[in-house]
Amino acid sequence: MLAFPQFSLRAIAVWRRNFLVWRKLALPSVLGNLADPMIYLFGLGYGLGGLLPAVGGVTYIQFLAAGTVCSSTMNAASFEALYSGFSRMHVQKTWDAILNAPVSLDDVVTGEWLWAAAKATLSGAAILVVISALGFVASPLALLALPVIFLTGLAFAGLGLIVTALATSYDFFMYYFTLLITPMVLLSGVFFPIEQLPPAVQAIAGALPLAHAVRLVRPLLMGQLPADMALHLLVLVATAMFSFWLALILTRRRLLS
Amino acid sequence: MASEVLRVTALRKSYAGREVVAGVGFTLEAGECYGLLGPNGAGKTTILRTCLGLTFASAGSVTLLGLPVPAQARAARMRVGVVPQFDNLDPDFTVAENLLVFGRYFGLADRTTQSRIPDLLDFAGLTGKESAKLSTLSGGMKRRLTLARALVNDPDLLLLDEPTTGLDPQARHLIWERLKRLLAAGKTILLTTHFMDEAERLCHRLAILDAGRIIAEGSPRALIAAEIEPQVVEVYGEDAPRWAQSEGKAQARRLELSGETAFCYLQDDAVAALLSHLDRQPQLRRLHRPANLEDVFLKLTGRELRD
Chain A
2 MLAFPQFSLR
12 AIAVWRRNFL
22 VWRKLALPSV
32 LGNLADPMIY
42 LFGLGYGLGG
52 LLPAVGGVTY
62 IQFLAAGTVC
72 SSTMNAASFE
82 ALYSGFSRMH
92 VQKTWDAILN
102 APVSLDDVVT
112 GEWLWAAAKA
122 TLSGAAILVV
132 ISALGFVASP
142 LALLALPVIF
152 LTGLAFAGLG
162 LIVTALATSY
172 DFFMYYFTLL
182 ITPMVLLSGV
192 FFPIEQLPPA
202 VQAIAGALPL
212 AHAVRLVRPL
222 LMGQLPADMA
232 LHLLVLVATA
242 MFSFWLALIL
252 TRRRLLS
Chain B
5 MASEVLRVTA
15 LRKSYAGREV
25 VAGVGFTLEA
35 GECYGLLGPN
45 GAGKTTILRT
55 CLGLTFASAG
65 SVTLLGLPVP
75 AQARAARMRV
85 GVVPQFDNLD
95 PDFTVAENLL
105 VFGRYFGLAD
115 RTTQSRIPDL
125 LDFAGLTGKE
135 SAKLSTLSGG
145 MKRRLTLARA
155 LVNDPDLLLL
165 DEPTTGLDPQ
175 ARHLIWERLK
185 RLLAAGKTIL
195 LTTHFMDEAE
205 RLCHRLAILD
215 AGRIIAEGSP
225 RALIAAEIEP
235 QVVEVYGEDA
245 PRWAQSEGKA
255 QARRLELSGE
265 TAFCYLQDDA
275 VAALLSHLDR
285 QPQLRRLHRP
295 ANLEDVFLKL
305 TGRELRD
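Protein sequence lines correspond, in order, to chains A and B. Quick note: the working numbering has the first sequence finishing at residue 258, numbered continuously throughout. Quick note: the working numbering has the second sequence finishing at residue 311, numbered continuously throughout.
Chain B with its partners taken away, still in its complex shape (with noise of 0.2 Å):
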């Protein structure tokens, strides 16, 4: 097998009527962090699901780790980890446990997974905690007790569903540190997220997702590069959607107004212009920054909600 690790499609998947995956394709090579971006509804949990063989498309392919899914899914999932959306522990074994017995899924003696345990206990930061029951964890230890349970037959390939929803930015950050590890030892990544600061610092590439379709691919910087102006100033204040209307437009290259906030798209150029506009403004505050990922990922979706 050469270098690449998944390879996704032309992939479709309907559920009642509704085509929730239309056509989704991309390649995920060996040692790369690959992230799925996407508002909710957007298809990425059904694509995981697929690429594990827990769902079957209605169209498309799969090939995992080298293997046809969902024909031979079973064994692909043999060199896989899943890190869930959902903590789905098991609340009646303890830590070490919980660990033991996933490993026997794999087919692990219980010697090997045993000699496993301290350094997956280390990694995961839960050292000291064999014995302890589930029900004393926090939510930051659960999920790392979850990185640990994925990492247990020691996979070549991660797959992580919204791994940091829910944390606190401590737990958040131990987490991107230890995924950062991950692929530094040479472990391959894939992610769903709908934080853009998790996918802009994780992942060498991403897709952008809206409506089961890819409608973005590419590093973040190159997404960035090739999306959106550079430069983004945001206007705030009561007068602000007035401002916007009137003067704003005639400023900005592009202007999106949400709420009391308008977002001003820039070349770098016009920057200094708009910021002495704007000095003679003294009603509206104002946040200059360079642009980011998430003004990309709104761009694309839009702003409404998607729930």
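Isolated chain A, as found in the complex (with noise of 0.2 Å):
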């Protein structure tokens, strides 16, 4: 059961499943990832950041722009691997159907983390493009987001899938959203600077992933290098890893006992 992970390529016959029903709706589903972000993005960047001075050196829609960016990646690799896994893990019974043919529980894990992943990462990436449109982007460094946009998504596809693996049913996924989910939000930058809150709630912070990623992303998307990228970049690899193995084990525990 904690045997180290047994990758092979028929992983990507499950992405590609996951992608092919992905593409019969895809317009929609791009529409539907996007709006939801961009409703909050113009209605609290003007309403609200009419009220204030700059924040961060920029704009205040300008710094939500960033955040969102990196919540919605977040929102996008959660739902995929909480709701669409269970789906196919539970309720559709698909992954017992590509069990019976040579495919391993690794190969059909490794697949819905690769897919979710990618998806979060389409979910960001339009994002990225629509604030560029508008002019909130500084240069094209910003493109350097996109490789940390894809590392959000593997890690919060990772945590996602530890929560289905454990999950009885879809009202499950409530507890993961309102007490994990939604104060990393907020305690992540994304609305406002993490130096805002008291020191002993951002020692907290530090520990969120999220955090990590909205560091990354803000500065590339106003030209500059992040500062100390290397850790941020570690907690985001680490979480990635860590928590796709845990999903792992945790799922060949609920289906191969």
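No wet-lab data here; the hints were simulated from the structure. Some hints here could point you the wrong way.
[Stated by the list, open to error] Label-pair restraints from in silico Cβ distances:
| # | chain 1 | residue 1 | chain 2 | residue 2 | range |
| --- | --- | --- | --- | --- | --- |
| 1 | A | I13 | B | E23 | 35 to 41 Å |
| 2 | A | D172 | B | I219 | 39 to 45 Å |
| 3 | A | S133 | B | F127 | 51 to 57 Å |
| 4 | B | A20 | A | S133 | 38 to 44 Å |
| 5 | B | R16 | A | P148 | 57 to 63 Å |
| 6 | B | W180 | A | L28 | 44 to 50 Å |
| 7 | B | E23 | A | G33 | 47 to 53 Å |
| 8 | A | L21 | B | S119 | 17 to 23 Å |
| 9 | A | V31 | B | P173 | 45 to 51 Å |
| 10 | A | A208 | B | G27 | 49 to 55 Å |
[What the hints assert, rightly or not] List time: in silico BS3-like cross-link candidates among lysine-lysine, alpha-carbon distance up to 27 Å:
| # | chain 1 | residue 1 | chain 2 | residue 2 |
| --- | --- | --- | --- | --- |
| 11 | A | K25 | B | K137 |
| 12 | B | K133 | B | K146 |
| 13 | A | K94 | B | K146 |
| 14 | A | K25 | A | K94 |
| 15 | A | K94 | B | K303 |
[As the list claims (entries may be wrong)] Short, incomplete list of chain A residues facing chain B, as computed with Cβ under 7 Å:
| # | residue |
| --- | --- |
| 16 | A14 |
| 17 | R18 |
| 18 | P54 |
| 19 | G58 |
| 20 | V92 |
| 21 | K94 |
| 22 | L100 |
| 23 | S105 |
C-beta: ideal position from N, C-alpha, C; glycine also.
Now that you have both chains on their own, put them together as the hints suggest.
Here it is in structure tokens:
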């Protein structure tokens, strides 16, 4: 059960299965993923932003745009790994069907992980495109945000798959969103600088993967190289790898016992 | 490899301290249809899952198509097709996409699968349904598509877990006819069922399982000959229980009472005497028939409910 993951190229077949389903509904899916964060971005960015002086050296909407890229990536990865993953694993029994073929459970979980991260990347990138077109991005350095977005997707896809492996029904996911995701958005510097928080709370924020993603993406969109880049990357990579590994162990325990 | 397709030896499996498979062993020869029969909870599905390497035995060994399972289960599954007990077709895809995507799980190029799809749909009686959505298919059509999906890799061995449960008689007969065609084409089949007529029609050999053990094994005819009297007279009616307790016991070599039906099991030479006795009991109705696999099954596993 604790064995090292056995990767194989069959994971790609699992990824392609999900891609084919997505392709059928690609346009509504992209627009749906874009609409919600954009409403918040414009609503808060212009509404609230009108009352505020520059935040972190830029206009509030510019400040918020970078945070929105990260939080949307997180949301897209989480929804895919939780609701869609659980549907395929538990409700539709798609994974059971796949496991009867020469595909291992490790391949299935790997395929799902990479898929959720890819879909999240698309979500984050779509917002990046829109905010670039609106002039909220300072330089081509923003392109370096793309690998960070993918890494953020991997981290939250892995965390989501852990929850899916433990879930008994869709209701279970509400706890994850209310107890983890929502506080994480508020503490990670998406809406306001982390420095506004009391020092003790700032320390907690230092442990949140979303905070590290924001610390990387925001400077890149402003045309600067992030400070402590290696540390932030390391946290995201470690979260991605460890959460994936734990999700794999829990899923093996659930389905192969 | 010789003609042995599957060998299961001394298999044991426990869940939460309860042993659901308690020392099961059997082998499948190439080209035969082997049945695992048993009441609900007898361990049939667990045995199939263990053969595929999808659950791990507490003891015993499985060799599937010459490869040790679970060590090389994935490689072995390259040449196996599975029809699971519960429908798990992909509801997001059309009929043809279901087959195409499943082919990819075997590493088949789309071209290869696409060239097989017309024959697979013809076999499943689904020609012209390539672009049909899953939600438009009947239960029988879905089962046939599941069978076609299990053939996408042209397997040597098919594992069928209760392939006709929930189907109407027309759909069942069609599935049986298709399975016979597959046997004629040289495929090997391992089947679980609790339909005795299905087992009697399809299986060359079968094992009757109860509480995780094989309690009888052989061809359907041999089991009937070895395990049970050849003739059965069923006696019905309100008066049947009283009759069974008084005269019935003297008339039949073995008698079982189930509700208002007395099942009398007899040797050939005792039938005439019982029938003429019953001629004089106008309050009782009767049915005389040869013994079948269901009689064997009920004798060996008992008549109590298993749920």
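Unmet hints by their number, sorted upward, for this structure:
4, 5, 15, 18, 19 and 20
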